[in-house]
Every structure is written in structure tokens, then in C-alpha cells.
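Colleague: Protein chains in written order, with my numbering: chain X, 1 to 119; chain V, 1 to 892.
Just so you know, these hints were derived from the structure itself, not from any lab.
A few of these clues could be false.
What the hints assert, rightly or not - Only part of the chain X face toward chain V is listed, based on derived beta-carbon distances under 8 Å:
(1) Arg31
(2) Gly35
(3) Gly79
(4) Arg83
(5) Tyr85
(6) Trp103
Note that the Cβ used here is the ideal one computed from N, Cα and C, for glycine as well.
This is what each chain is made of:
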Amino acid sequence: MLTPYMATDQLARELKRGSTELLVLALLEERDRHGYEIARLIEGRSAGAISFHVASLYPTLYRMEDRDLIQGRWIEKTGQRRRRYYRITAAGRKVLASQRSTWQAFFEALSRVARIRHA
Amino acid sequence: MNWTGRIRAALPAADPDVAEELAQHARAMYDAARAEGAADEEAQRTVDAQIDCWRADAALLRRRARHPRIVDPPAAPATAWVGGLAQDVRHAVRLLRRQPHVALLVILVMAVGIGATTSLSAVAYGVLMKPLPWPDSDRLVSVRETRGGRSPRFGSVSNAAYLAWREETSTVEDLAGWSAQMVTISGAGEPERIRIVRATASLFRVIGARPAAGVLFGDDDERTNVAVVSESLWRQRFGGDPAAIGRRITLDAETFTVVGVMPDALAFPDRQTRAWVPMHVAPAAGNLLSMFEGLAKLRPGVAPEQAAAEGTARGRFAPDTGMTTMAIFGGTGPVEIAAVPYLDTIAGEVRRPLIVLIGAVLLLMAIATVNVAALQLARAASRRRELAIRAALGATAGNVVRQLVAESLLLAVLGGAAGIGLAWLLQGAAWSVLPADFPRVAEIGINGRIVLFGTALSMLTGVVFGLLPALRVRRPNLVASLAEDGTSPVSAGTRTGIARARGLAVAAQVAIASVLLVSALLLGRTFMELLQADRGYDAASVLSTALPLPMHTPERRTALLADLVERLAAHPAIEHAAFASETPLTPGGSTASFSLPPQDAAGGAIQVQASPRLVSPSYFAALGLRVLAGRPLAETDTPTSQPVVVVNDTFRRRYLDSDPLGAQIPMGFWGEEQNAAATIVGVVEDVRHIGAATPTLPELYFSSRQLPSGMRSGVATLLVRSRSDTASTRAVVHGIVRAAEPGAAVGPVVTLEERLLATSLARPRLYAILLAAFAAVALLVAGAGLFGVLSYSVSQRTRELGVRAAFGATRADLVALVLRQGIEVTVAGLAAGLLASLWLGRFLASLLYGVTPLDIVTYLAAPLILLAIAAVACIAPALRAARLDPVTALRS
């Protein structure tokens with residue numbers, strides 16, 4: 001939870017962690033994906049602004065899986081090695097919706113205070 | 001490139017799944033770099049850099065919590081469910097082979113329950129529901145006549161009413177009269193006692209019979225000596241030879257010509273009838289009234305009540321027959337005709353007892369089901385782990401339920417098959433167990449319908465006792481199941497839902513068992529009351545046998561019998577011997593009516609209906625009848641001395657207020673030549689027909705020495721009072737009778753008690769025995785259930801009991817603890833069962849004698865018996881609790 005008293009680094013970390021989860025959920029909302037795909041998409045769609053540390057992706061995915069926000073499964077397709085795909089759960093969808101509205105409110109508050117506008 | 005190997009080398013402590021996933025990521029990175037144009041070493045370096053980052057991240061090195069592998073099930077085709085069921089059944093078979101003793105127990109319990117239910121259903125179906133063998137048998141009604149509301153002493157319709165109705169019928173197609181009797185058949189074989197039916201020719205039309213050979217006699221044959229024999233008699237005596245038509249047979253010294261053969265399937269009224277001869281119904285002229293059974297076939301669409309109304313209306317035109325009506329009906333009054341569906345006539349009196357028995361057997365079935373359900377519940381509880389793993393592997397709740405129900409169904413079907421097999425074996429026994437006069441015994445058998453019913457019942461119980469436990473354990477929580485240890489923390493015995501359910505199951509079984517026990521005690525007491533009732537005579541040491549002497553004149557008969565009795569009395573083993581015109585136990589018998597002069601000046605003549613009997617002077621001594629006043633008949637009463645008569649107590653109470661001795665009884669009913677009157681010289685105790693539908697009738701005893709012509713009945717009854725045991729005396733009697741009359745078809749020599757048991761006591765004994773058997777099985781099953789629950793409870797509470805022992809509880813305290821649990825469950829079930837018995841008792845009322853449905857002795861004895869059984873069931877678990885070593889218990 002963000003409070004004005006957090007140090008900037010910590011704030012940045014918290015923001016990043018919260019945003020990583022949001023990003024993962026949003027990507028999985030579209031369809032099931034495996035870890036590498038998620039990593040590439042986050043880098044690609046944020047146009048590199050979120051310098052995404054891949055090393056932290058998998059711990060995030062596992063954490064989210066423990067919290068039942070996403071569900072990982074091994075899928076074996078013909079002629080291929082099996083891959084671990086992730087799917088958003090119903091709980092994950094709820095969290096995604098709530099996080100979206102939280103971020104929305106945050107941005108609106110920011111823009112009201114600091115007149116920052118988002119695209 | 002072995003990326004997995006490289007990841008494992010870099011992150012040796014990583015989870016294999018994590019390693020594999022990272023390896024794939026690495027592979028994808030390498031392939032992407034190469035696709036963008038990087039060289040092999042460069043691409044590898046990129047990936048190695050990533051691997052170094054992963055290695056530095058401690059989070060990745062942690063072992064991952066195991067999530068259940070969720071594998072998408074393949075798309076289920078329609079047959080998957082069946083395949084799943086087949087798999088469940090195979091699994092069930094494997095499971096049962098591993099626990100054969102449990103399986104055997106369940107199959108045994110089910111077999112007993114299903115076997116008893118199937119057997120009784122076969123009886124109920126055969127007797128009450130199966131259609132009669134004749135075409136359109138639902139239109140057959142028996143015709144019953146009453147006068148002024150009184151039923152006749154014998155027969156059901158008089159010739160007067162019958163002929164009056166036959167003159168003009170619109171509601172019935174035809175009327176028939178018939179009457180059964182026992183005769184001695186000779187010619188074409190050994191002399192033998194058989195049952196025949198004398199019938200009007202219309203009987204064959206009414207029942208719609210067709211001969212198997214020859215013809216059935218017609219209206220023109222009614223005064224001729226022709227006979228139709230049964231198929232079985234035809235085979236037995238004539239070898240099934242078609243040339244038997246035209247042969248002669250002798251029935252009780254009368255010769256008949258065989259004209260046809262009746263198929264056994266259509267034999268009327270039952271297969272025990274071996275021949276039919278014509279009966280001519282004479283008009284009721286003067287004082288001649290003959291009685292016989294009446295049968296009619298309703299026209300289609302006519303109700304029995306309509307026919308009865310027509311019969312009554314026509315019957316009113318019947319001529320009046322005065323005293324004879326009085327003799328037969330005990331009163332005069334207008335004719336009333338009732339038409340009763342024939343099936344009700346034969347089976348009606350056993351309907352209520354059969355329904356009671358079926359109720360009892362269904363209770364037994366309920367106990368068996370509850371018992372097995374409790375057993376299955378315990379087994380399901382102990383298999384929580386297995387079921388939880390199944391659920392983790394993807395089984396839905398429905399799959400788990402299906403598996404448990406499949407196991408139960410398998411057991412139920414096996415038990416049901418065993419039960420039906422048992423019932424099939426027992427159906428032969430039905431013939432010997434059921435009393436001889438039980439209706440439609442020949443129709444009782446295990447047919448396809450009954451087998452189907454038994455199978456459906458066993459499957460239903462299988463589903464029930466499978467579903468109940470399955471619903472309790474269908475959502476096993478894997479983590480909790482695997483993490484739990486068997487001996488859970490201390491608390492009271494009924495803490496878990498499953499233990500509570502088992503306790504309830506036992507209480508239910510105890511309740512049902514107590515209902516059956518109360519019923520069994522009531523019926524048992526009824527039978528004992530009937531057996532020990534004071535009938536006025538000593539039934540145990542008096543032997544009797546029927547001696548048919550059809551070929552002699554009445555005088556010759558009397559002389560023969562007197563001689564025979566003298567020979568018997570001379571034997572040292574015999575105390576008294578006598579003969580009588582009728583068996584003392586027959587409520588029917590001959591009847592006479594006459595007028596007695598008024599007792600006082602003001603009164604009018606008294607109309608008497610009484611039963612006259614011809615007996616030898618030693619009759620009362622042989623039977624052990626007490627003389628209440630005056631003297632019995634004596635050898636000094638000769639043909640030339642004053643005619644005397646002895647009356648029974650009922651006669652005295654009904655017709656003679658003042659001192660009976662010396663009153664005059666007219667003897668006109670013995671024949672026209674008897675104009676004299678007999679003097680009453682004694683009053684004897686009543687011969688009571690306990691439990692029979694008819695009450696004791698007024699009876700007159702005349703001496704055979706004074707009325708030799710009176711022995712008109714072709715069959716006499718010999719009575720012998722034995723000095724010692726009856727077994728040896730039997731042979732003596734048989735020997736003496738055979739020597740005197742070699743050609744006579746002597747009946748079996750039995751004690752009067754045996755005769756009672758075979759006739760009027762047969763059914764009460766049967767009901768008592770059956771209910772006792774059900775109650776015994778129920779108590780056994782309930783006791784076993786209680787034992788099972790307490791054993792389980794003790795094993796579950798081992799640690800708790802150890803703690804108590806360690807804190808100073810003595811052996812007695814531990815025993816008391818277990819006993820209290822057992823007694824609580826028993827008392828709960830007992831209370832419910834006794835309340836239910838109080839309510840259900842009313843259905844038994846018609847079967848009871850000498851006890852009421854609320855009999856105190858029964859309601860005191862039943863709880864005592866049940867508590868005793870419960871105590872026995874509790875002993876072993878209680879002793880196990882007492883012998884617990886606290887140290888071992890706490891460590892377990």
C-alpha cells in the first residue's frame with residue numbers, strides 16, 4: 001500500500017511489483033501464455049520503459065500461483081516438448097479489475113494534483 | 001544443447017519443475033537471439049547472463065509448494081460414463097477381494113434380508129394377488145345366505161334360496177352348488193381317503209373348465225353315478241391311460257363310472273380335490289333343507305352388490321322350512337344373500353396376517369440396510385485418504401459417489417442373488433411349514449416377477465446404503481486427510497459426524513429390533529395362551545383317529561365300534577377307549593332343532609338349536625371331561641332302559657334355568673322311529689374351541705348303546721386315553737384297529753394336541769415362529785451393529801482413555817465409560833422402538849388371544865431382553881478399554 005512516507009526506492013519497488021502483477025494478469029486475461037511469452041510482451045508493449053527484470057518474473061508467477069490468481073499447467077502439444085502455460089483464474093480476474101480501478105483512481109488523483117495526463 | 005542440464009548445474013537446489021521451465025525460457029531466448037542474427041557464442045552468452053541472474057535470485061532456489069497437477073481430462077464421449085462405471089466395478093471387486101470378511105458379512109446380512117422379503121413376497125403374491133386359474137375368475141363370487149343376520153352352521157347357501165334364484169337370473173350368468181367331502185376310494189388301487197366334490201353340472205360352466213380327456217358331466221347326469229377324476233388321480237390310478245374313461249371306481253361303497261378327466265390346473269376348488277360327482281339339488285319341500293357352497297359368475301359389468309340384491313330378492317320367494325331353518329341358522333328370518341368375490345373368500349382370512357408379516361419382514365430389511373450402511377460409512381471413513389487422492393487426481397464429487405455406490409451395488413447384487421437363491425430353496429419348505437388349510441399353497445412359488453422384485457429391492461438397498469455414506473465423504477480435503485493422524489485429540493465419543501451417524505444407525509436398528517421383539521413376544525404369548533387354554537379336555541394324552549366304515553349299516557357300525565373299543569380298553573397301555581360320531585374338535589358337525597316345553601307357566605316353548613352326538617359311554621372318561629352335575633353315560637344305559645342324554649354347560653346355561661337334571665329332550669331328530677324322549681341325567685363341561693371363529697355350541701350326548709341306528713356318519717372317531725407315553729400307544733392302537741378292520745383306510749393316530757396344532761393352532765404357531773425368527777435376526781444384527789460401533793469408538797478413543805487411566809481412572813471407570821455410551825445408544829433406540837410398538841400394536845390386535853396389544857408383561861420383558869443383548873455386545877469393547885495400558889495408549 002502506498003503511503004507518502006515511503007522512500008522513493010521502496011516506492012519504486014512496490015510500484016514495480018504491483019505493476020508486474022497487473023501486467024501479468026492483463027496479459028493472461030487475453031489468453032493463456034507461457035513465461036517467455038509474458039516476458040517478451042511486457043518488454044515489448046511497454047516500449048522498454050518498464051525495464052523488466054526477467055529474473056523476477058518467475059518468482060512473481062509462482063507467488064501469484066500460490067495466491068490462486070493464476071493457474072499453471074503443463075501442456076504437451078504433438079511433436080513438441082511440454083511447456084508450462086499460465087491461465088488467469090476467477091480470483092485473478094477480480095484482482096485485475098480491482099487493481100485497474102485502483103490505478104485508475106491513482107492516476108486521476110495524480111492528474112488532479114500534479115496535472116499529469118495519461119495517454 | 002541441453003539447457004535443462006545447464007539450469008540444473010547452475011541451480012542444483014531448484015525444483016525439477018522450475019528447472020524445466022527455466023530451461024525452456026533459456027531455449028526460447030537462445031532461439032530468439034539466433035533468429036535476430038546473433039552468433040552461437042553470443043546467443044549463449046545472453047542466456048548465460050540470464051542464468052546468472054536467476055542463480056542470484058534466492059527465491060528461485062526454494063523448493064516450490066506442490067500444487068496438484070491438473071491435467072485436462074480428455075473430452076468425454078458418451079461411453080466414458082459407462083467405462084467409468086465398469087472401472088469402478090472392477091475396482092470394487094479388487095477392494096472386496098482384499099477384505100473378504102467384510103464382504104461376506106455384508107452379503108450374509110443382505111442375503112437374510114432379501115431372502116426373507118422375497119419368500120414372503122412370493123407367499124403374498126401367490127395367495128393374495130395371483131389371479132385364480134379359471135377364465136374370468138374376477139367375476140366369480142361365492143354366494144352366502146343369512147337368515148335374520150345369522151350365518152348357517154355349515155354350508156353357505158340353502159337349496160331353497162339357490163333354486164329360487166336359479167329360476168330367473170339377470171345379474172349372473174350361472175349359479176352352481178358344490179360341497180366337499182372325504183371318501184374312501186377303492187377300485188383301481190389300494191383303498192385311500194381322498195377329497196371329492198359333489199357339484200351341480202353348472203359348476204363346470206361357471207368356472208369355464210374343459211376336460212383333459214373324456215367329458216365333464218352335464219345337467220342330464222345329475223342323478224347318475226358318473227364321476228370326473230383329477231389328472232393326478234388319473235395318472236396315479238390309471239397310469240394316464242385314455243381307456244380309463246368308462247372304468248369303474250368305488251367311493252364310500254358307491255360305484256361310479258369315470259366319464260372324464262379334469263386338468264390339474266383347473267381343479268376346483270384346489271388341487272387336493274381328486275374327483276367330482278354330480279349333486280342334485282332337491283327342492284325344499286316340507287322340512288327338507290340342504291346346505292352347500294354356492295358359486296356364481298357375474299355377467300360382465302355387474303357388481304357383486306347388484307347380484308347380491310337380486311339373490312336376496314329372489315330368495316324371499318323361497319319356501320319356509322320351519323324348524324330346519326332354526327336348526328341350521330339358529331333363528332328364522334328373511335333370506336339375505338351376499339356375493340363375495342371368490343378370491344376374497346379363499347384368501348380373505350389370511351390377508352391381515354400376511355400384511356403384518358410383510359411389514360415385519362420390511363422392518364428386517366430396513367435393519368439390514370441400516371446396518372450395512374453404517375458398515376460402509378465406517379469403511380468409507382477409513383478410506384478418506386484414498387478418496388482424497390482420487391479427488392486430487394481429477395475425480396469430481398460425482399465420480400467419488402459413483403465409485404462408492406458401485407461398491408455397494410456390487411455387494412447388494414451379490415447379497416440379493418444369494419437371498420433369492422435362499423428363497424428359491426425355501427419355497428419347497430413352504431409346503432411343510434404352512435398349515436394344511438392355508439389357502440392357495442400350490443400357487444406359492446418363485447417366478448420371474450418375484451425374482452425381478454427381489455433384484456430391484458437389492459439394487460435399491462445397494463443404492464441407499466451406498467449413497468448415504470458416499471454423500472458424507474464425497475468432498476475429501478486432500479491436505480487435511482494426508483496431514484491428519486489417526487488418533488485425534490481427546491473429546492467425547494460422538495465428536496465426528498461419522499461417529500454420530502453410526503450411533504444414529506445403531507439406535508435405528510435397536511428401535512426396529514425392539515418393534516419386532518414386542519410383536520414376537522405378543523404373538524408368542526398368544527400361541528401359549530391358545531395352547532394352554534382350558535378346553536375342558538386333556539389334549540396331550542388323548543389319541544384319536546378317524547375310522548371310516550362306509551360299507552356297513554349304522555347298526556353294524558355301532559356293533560363293530562363297540563367291539564373295537566372293548567379290545568382297546570383291554571390293553572394294559574390304554575386307560576380308556578371310546579368312539580364318537582364326530583371329533584370333539586370340529587366346530588361344525590351335525591345340528592338339530594326342536595322345541596322344549598316352557599320352563600314355567602308364563603313362558604312359551606323354547607326353540608333349541610343344538611349339536612347332537614352319539615358317543616360310547618366311556619367318552620367322557622377318555623376325554624377327561626369333567627361332570628358338573630349328575631352322572632355321565634354308563635354301561636347300564638341299555639337299549640331297553642330309559643333313554644338318557646347328557647348335555648354340556650352351554651346348553652344348560654342357554655336353555656335350562658332351573659335344575660337341568662330330569663328335563664326331557666325329544667329324540668325325533670334321530671329318525672322317525674324315535675318318538676321317545678330322553679332324560680337329562682348329567683351336565684358336562686364345555687369342549688371349548690379356543691381361538692376358532694365359532695363359539696361353543698350347545699351339545700347333546702346320546703349313548704351309542706341306546707341308539708345303534710344313530711351311527712349314520714360313515715366316519716367314526718376313536719378316542720384313546722393312554723396310560724403311559726403316547727408314542728408306544730400309537731402303534732398299539734394302529735395294530736388293534738388294523739386287525740379288526742383290515743380293509744378300512746384308517747387315518748393317522750395323533751394326540752388331540754397334535755390335531756389342534758395341525759388345525760386351529762397351526763396359524764398362530766406359524767405367525768409366532770416367523771416373528772420370533774425375524775426378531776432373533778434383528779436382535780443379532782442390531783447387537784452386531786452396536787458391537788461394531790463401540791469397538792470403533794474404543795479404538796478411536798485409545799489416547800483419551802489412556803489419559804484418563806493415567807489420571808487415576810480405574811478399570812471399572814473405563815468399563816463404565818464404554819458401557820454408558822452403549823447403553824445411551826440402546827436406550828435411545830429402545831425408547832423410539834417402544835413408542836412405535838405402542839402405535840403399531842393396533843395392527844396386531846386381530847391376531848392376538850389372551851393378551852392385549854398393550855400387554856404389560858411384554859413391554860417389561862422386551863426392554864430387559866434388549867438391554868441384556870446390548871450388555872453382551874458391549875462386553876468385549878468394554879473389557880478392551882479396561883485392559884488398556886495407559887503408557888501404550890498415550891504413545892499410540
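Colleague: Are the hints correct? Go through all of them and say.
Modeller: Status of the hints after comparison with the structure:
Because the smallest distance between the Cβ of X/Arg31 and any Cβ of chain V comes to about 16 Å, over 8 Å, the interface hint for this residue is violated. Taking 8 Å as the C-beta contact cut-off toward chain V, the hint placing X/Gly35 at the interface holds, the least distance being around 6 Å. A cut of 8 Å between beta carbons decides the hint on X/Gly79: the least distance to chain V is about 15 Å, and the hint is violated. Satisfaction of the interface hint for X/Arg83 is found here, the shortest Cβ-Cβ separation to chain V being roughly 6 Å, below the 8 Å cut-off.
At a threshold of 8 Å, the smallest CB-CB gap from X/Tyr85 to chain V is about 11 Å, leaving the interface hint violated. Interface restraint check: X/Trp103 against chain V, minimum CB-CB distance 25 Å, threshold 8 Å, status violated.
Comparing the model with each numbered hint stated earlier shows that hints 1, 3, 5 and 6 do not hold.
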